[in-house]
Every structure is written in structure tokens, then in C-alpha cells.
Amino acid sequence: MTVTDGLSTLEPAVAPVQAGAGPWLRPWAGGLVAGAFWLGAGALTAVWPDADDWAYTNELAAAEAAGGTLLAVAGLLGSRAGVLFERLRRSAPWLIVLALTLALWELLVAKLNLLPRPFFAPPQAFLEVYLDDGRRLAECAFASFGLLVVGYLLGALAGFVAGVAIGWSRAVAYWGHPLLRLIGPLPATAWLPIAFFAFPSSWSASVFLIALASAIPVAVLTWSGVAGVNSAYYDIARTLGASPRFLVLRVAVPAAMPHVFVGLFMGLCMAFSVLVVAEMVGVKAGLGWYLQWAQGWAAYANMYAALLVLALVCSGLVGLLFRVRDRVLVWQKGLLKW
Amino acid sequence: MVAAVPLRHDPVPVPGLALEVAGIDHRFDLHGQPLPVLEQISFRVEPGEFVAVLGPSGCGKSTLLRLVAGLESPATGRLLADGEPIAGPDPSRLMVFQDPTLFPWRTVRDNVALGLEARGLLRSEKHRVQKALDLVGLGAFAGAYPHQLSGGMAQRAALARALVNDPRLLILDEPLGKLDSLTRLGMQGELVGLWQRAGFTALLVTHDIEEALVMATRVLVFSPRPARLVADLPVDRAYPRHRDDPQLVALRHRILELLGLAATW
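In order, the protein sequences belong to chains A and B.
Using numbering that gives the first Met the number 0, read the first sequence as starting at 0 and increasing by one per residue.
Using numbering that gives the first Met the number 0, read the second sequence as starting at 0 and increasing by one per residue.
These are calculated hints, taken from the structure and not from any lab test.
Heads up, the beta-carbon is just placed ideally off N, CA and C, and yes, glycines get one too.
Hints are supplied without guarantee of correctness; some may be wrong.
What the hints assert, rightly or not - Residues from chain B that face chain A, not an exhaustive set, calculated with beta carbons under 7 Å:
| id | residue |
| --- | --- |
| 1 | ALA68 |
| 2 | LEU70 |
| 3 | MET94 |
| 4 | THR100 |
| 5 | PRO103 |
| 6 | LEU113 |
Unchecked claim - Here are the computed distance ranges between Cβ atoms for each label pair:
| id | chain 1 | residue 1 | chain 2 | residue 2 | range |
| --- | --- | --- | --- | --- | --- |
| 7 | A | ARG180 | B | GLY31 | 27 to 35 Å |
| 8 | A | GLY183 | B | GLY57 | 36 to 44 Å |
| 9 | A | VAL171 | B | ALA230 | 46 to 54 Å |
| 10 | A | ARG180 | B | ARG227 | 47 to 55 Å |
| 11 | B | HIS252 | A | TYR233 | 37 to 45 Å |
| 12 | B | GLY150 | A | LEU191 | 51 to 59 Å |
| 13 | B | GLY142 | A | LEU248 | 22 to 30 Å |
| 14 | A | ALA226 | B | PRO33 | 22 to 30 Å |
| 15 | B | HIS206 | A | TYR233 | 19 to 27 Å |
Model the full assembly from the supplied sequences, consistent with the hints where possible.
In C-alpha cells, the structure reads:
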């Protein structure tokens, strides 16, 4: 009895509030909080004096404050902030954690000087690298990107063809399988002397190392995908009049595609991890080369900054691969996710 | 009671194929030991007949169908299609399996188009795909992927994939075995309707005595493995048939006896 009474008195009180909120002002709380944290990080950077003479402290503070302001505005506008809101809506927790991490890092390294130098660099040192050495870094990123794309595409293609051949033909499997098992686990550095000897230029040698590293997982997964195709698919296609060529290209390959994409992803990861080695053979620009150079001079800020660029390039390429996969494997939607 | 579901399009009538199975022996190789599966199987199927093969589980019925489809060759004996030896698979003899085994990466339309595509006929004969889909009542689902279909719809799509090629012999390996009983009753009637109008020869393997009696013009009863032909029973009743037709009931009792299961009924 009391419960129903309580409800009936509550209902009219709640309804007008909801109606009043309407579609006009629905702020995005996550954006407001994240904006506040970024503004706070900016304030900390600007107000607390540096323990040492770091360049670009004010620029860092300004950048943080600008980001915070943008987030706060998006937070106030809510869904009316359009694209910005749609993009950032789900990342509010990440943005908050990022601001906190940045502030803590700034505090520990730049303000309190608690971590040993030169191994640790404060955030403004990144800014310094990007602003003062940005041109060279961009050239390096561009060179590495080209190397990765060419090497990876060649390797993926070779691995795919090898995988289909090994999965399809007993004769190819007889010769190819032991070779693949032997070569697969070798570290990329082991190929350096041969790459030096066999290739006319250092660039082609680098391409070879990246292609080889990415080809192996693609070959192994493509092979297992083709070998695992449900034999009933072949029976169906054969009774319908399919030629061997049709069986390979229209049955085995599409059926193996989910495996192939796992291999393509693993191959891409391999390509990234081999990049530094591949750029040891004498190329004059590239992120791997830059990393080695920075390490050699103990320019750790440069090294970290280049690592960040490398990570962004990698995640961009992985993102691209995933979009291609979602396109090609659209038929799997609702079947499984990986 | 089975009523053929009315369909919007009539299939193209095709002459049925005459099948002759003469003295077939077949065995599997199991850990180096020969395991006899089929023993001295001989029978003839006239053009346009609907023959059901009944037998205990694992007796080798499906193996017989694979031989007829040309997916395997018998150890001894001869298989003739219209008097010609069966040397391999051919689109005139098509099989529908217990599992629809649609290609999951193809839409329903592209699955049905598979045979035309494999034979390089897709460009000139494309209109037949939609016709076959309409024939099995899937016209509206042409763009769907197999995982979006129910079991019955998937089996209809598999049927359309065979029918689009105008097969002269339709080999049905427990095609309704995995469907729920209501869908199953409906599709029994539909299959009979298709067969009556298209004129192909049908060879059906089933576990279900009632299904065989309701659908087929003749029932072949096989023994346990190695399978031998123990009875060849004509089912001379008009369609649509009634499950409680006294003659069918008597036949059913007879078949249960042949299978050694008379006491269970």
C-alpha cells in the first residue's frame, strides 16, 4: 500500500524534469570530466616550476589546455558537437586516464626529477623532438612506411600462394612443409649476411627481410585453412561440374579466408618487429634506423618519440587490415568474432 | 495428410534418367583391414521413378549414393546412367545431403548459382537462379547469407542449388533428416510436388519408413552392414498419400519385420 502510494507521488514529480531536459541541453558528462582533467594537467604543467631547464614546458601546458577546452566544449554541446562527439563518446574513460598519466609523468620527471636521467624524458621532451626534429622524423616514418608496405605486400602474396599450394597439393606439401618448418623459427638477423650478399641494394635487402618475416605466418595459416576445408564443399562443387581450378579458387581459397586473415595479422606484427633489423643493412632513413641512431647517442627522448610514431604507424596499418577483413569476411558477421 | 504446397513457378520438365546398378561390391579400408560395406547390390531405376532406400543406420546406404553420384568408384560391379558407365560426378546426377552445406561465404543467390558458374553458364543462364529460388519459395532471401537462414530454408536453398541445373537424377541423402518434424512434413509434400512436375528420377535414402512410404513409388530395403538388398516393394498409391492409408500401414509393418523390428510396433 505504502509502496504504491510512494510511486504515485513520485511519478508526476519525475516526469516534468525529464520533459524539461528535452533535446536541447543534454551535456555529455564524460566529455566535461575529461576536459576538466586535461585542463588540470595543463595547469599543473604551467604553474609548478620545472626542476630542471626543460624546453617547451609552456607549449605543452598550452596544448593540454587546448585539448581540455575542446573536450569541455564538446561536453557542453553533447550530441550537438556532431562528429567530435560521435568519435569521442566511448573514449571518455581513456581520455581521463591519459590526462592523469600525463600529469603523473610530468610530475615525476619534470617537476620532482625523481627518475634517473637520461633514461627518462618528460612529456615536453617529446614535444621538443617533434618540433625540432620533426622533419627528419617524418622522413623516417615515410621511409619505414614505404618499406613496410612493399615488404609486407610482397611477403603476404608469396606466403598466400605458398600456403595455398602446400595446402592443396601433396607434392608441394612434401617439399614445402619441412622447408617451412626449418625456416619459420629463424630470427631475421640470421638472414643479414645472405641479404647483404644476394641483393643489389640495401633497400631491396630490407624489403626481403620484411617480406620473409611476414610471409611465414601467412603461409602457415593459409595452408592450415586450405587443408581444413570441409570436404563436403568439394563434393558439392565436383558434382556441380567444377574444374580443379574452380575448386582451388572458388572453394578452397574463400573457405580458408578466415584463417588467411589471422595469418595476415600475424605477418603484419612480424613485419613491425623485424623493421629495426631490416633497417640495419645500411638504409639512410627509417624509424628503425632512427631508433638505432638515437640509442647510439643516448638520445632517449628521440628514441621514445620515434617509438611512439612507430606504434602509431603500426596501429594504423593494423586498423586498415581489420577494415579490409571486415569487408571480405562480411559473411561471418554474427558467426564469430576475433 | 500431406498436401503439396502450391508453388509459384513450375519447374522445367526434364526427362528422368535410367539408373542401373549391377552387382556392386564395395569395401572400406579400416586400419588395413577390408570392411565390406555393400554386397552384390543390383537394381534398376526406370526414368521418372521415385525410389526410396531404407536400411539400418550405418549399413552403407550413403556409400551407395556416393557411388551413384560418381564421387567414388565401386570395388567391383557396374553403375550405368542411361546405359553409360558412371565414371565421375556429373551435373545431370545431383546430390542433396543431410547437411545443406551451403557455402557460408556466398549469399543464397550465389550458392544457387554455383553449378552454372562452375560450368561457365552463369552469364547466359542467369535468369534460372531466381526461378529456382522462387521454385523453393526463397525468392525473397536471395541476398541473405546462409547463417541467417533456418534449417528448413537452408535445405530449400540446397535443393534450389541442385534444381537450377535441371538434374535428371536427384540423389537425396536423408535431406530432411535434421529438420524439425513440422518442417519435415511440409517439405516431404513439396519434394513430391517438385518431382511430379519436373519429371526427374529420384533416389532417396532415409531412416524414416513413413517418409519412404509417403514419398516413393518403390522402396528398397537393405540389410545391416554389409548391405544386401532384402526387399523391393512397389508403393502403388496415388498422391497425395495419407499416413493412415491401410495399405501403407500394412507395408510399414512388413518393412519393420524385414528390419527385424516387428516387435517394437
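The hints, checked one at a time:
| no. | hint | in the structure |
| --- | --- | --- |
| 1 | ALA68 | holds, 6 Å |
| 2 | LEU70 | holds, 6 Å |
| 3 | MET94 | holds, 6 Å |
| 4 | THR100 | holds, 5 Å |
| 5 | PRO103 | holds, 6 Å |
| 6 | LEU113 | holds, 6 Å |
| 7 | A/ARG180 <-> B/GLY31: 27 to 35 Å | holds, 29 Å |
| 8 | A/GLY183 <-> B/GLY57: 36 to 44 Å | holds, 42 Å |
| 9 | A/VAL171 <-> B/ALA230: 46 to 54 Å | holds, 50 Å |
| 10 | A/ARG180 <-> B/ARG227: 47 to 55 Å | holds, 49 Å |
| 11 | B/HIS252 <-> A/TYR233: 37 to 45 Å | holds, 42 Å |
| 12 | B/GLY150 <-> A/LEU191: 51 to 59 Å | holds, 57 Å |
| 13 | B/GLY142 <-> A/LEU248: 22 to 30 Å | holds, 23 Å |
| 14 | A/ALA226 <-> B/PRO33: 22 to 30 Å | holds, 28 Å |
| 15 | B/HIS206 <-> A/TYR233: 19 to 27 Å | holds, 26 Å |
Of the numbered hints stated above, none is contradicted by the structure.
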